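Numbering of the sequence shown is given in my numbering, commencing with residue 485 and proceeding in unit increments.
Treat the hints as calculated values from the structure; they're not laboratory data.
These figures come from a predicted structure and were not determined experimentally.
Treat each hint with caution, since some may be false.
To be verified - Listed below are the simulated SDA-like cross-link pairs for lysine to any residue, each with C-alpha atoms no more than 25 Å apart in a straight line:
1) 569 / 585
2) 512 / 624
3) 512 / 529
4) 512 / 496
5) 512 / 591
6) 512 / 586
7) 569 / 619
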Amino acid sequence: MLQQLTGIGAGERHAAIILNSYNRLLGKPLIPQAEQESAAEALFHADLVVLSHGTQQDPVLNYGNRAALALWEMDWDAFTRIESKHTAEPMIQEERQRFLEAVAGQGYIDDYSGIRISSSGRRFRIEQAIVWNLYDEAGEYYGQAAAFANYTLV
Numbered sequence: 485m486l487q488q489l490t491g492i493g494a495g496e497r498h499a500a501i502i503l504n505s506y507n508r509l510l511g512k513p514l515i516p517q518a519e520q521e522s523a524a525e526a527l528f529h530a531d532l533v534v535l536s537h538g539t540q541q542d543p544v545l546n547y548g549n550r551a552a553l554a555l556w557e558m559d560w561d562a563f564t565r566i567e568s569k570h571t572a573e574p575m576i577q578e579e580r581q582r583f584l585e586a587v588a589g590q591g592y593i594d595d596y597s598g599i600r601i602s603s604s605g606r607r608f609r610i611e612q613a614i615v616w617n618l619y620d621e622a623g624e625y626y627g628q629a630a631a632f633a634n635y636t637l638v
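Between the sequences and the hints, there should be enough to build the whole structure, so can you do that?
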């Protein structure tokens, strides 16, 4: 599956940035990883939902693992072209923006809950999400990522 993925989030480097940033900020691994398994494979096939966006003024999603793609009902190409604000309903985008600014200032938040919307219009409530800043190998800000295992259809 990973051979078919393209773009900034498709490779080992991006997976390593997600995993290493999480470990550095929270002091624990995001997912277990077998020695023989690549970071990209482990992250893509993880049971929890993992997604990330870049550093643009209106950040564009650049990664979604298998669980994220299924939840948002999109394929990789569609998912990695959408501005992350379009994963939330329009009336709560301002609330989402304030939240992302808080994450940017604090490094991470580990108890986020909020309503999101899939490509078909299906609404779901994210529960106990962790959202954290991403930093590349040189320590440069690289975007933000989120992970969660719990959600409820609403």
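Inset, instruction - Compare the structure with the hints numbered earlier in the document and write down the numbers of the violated ones, lowest to highest. - result: none
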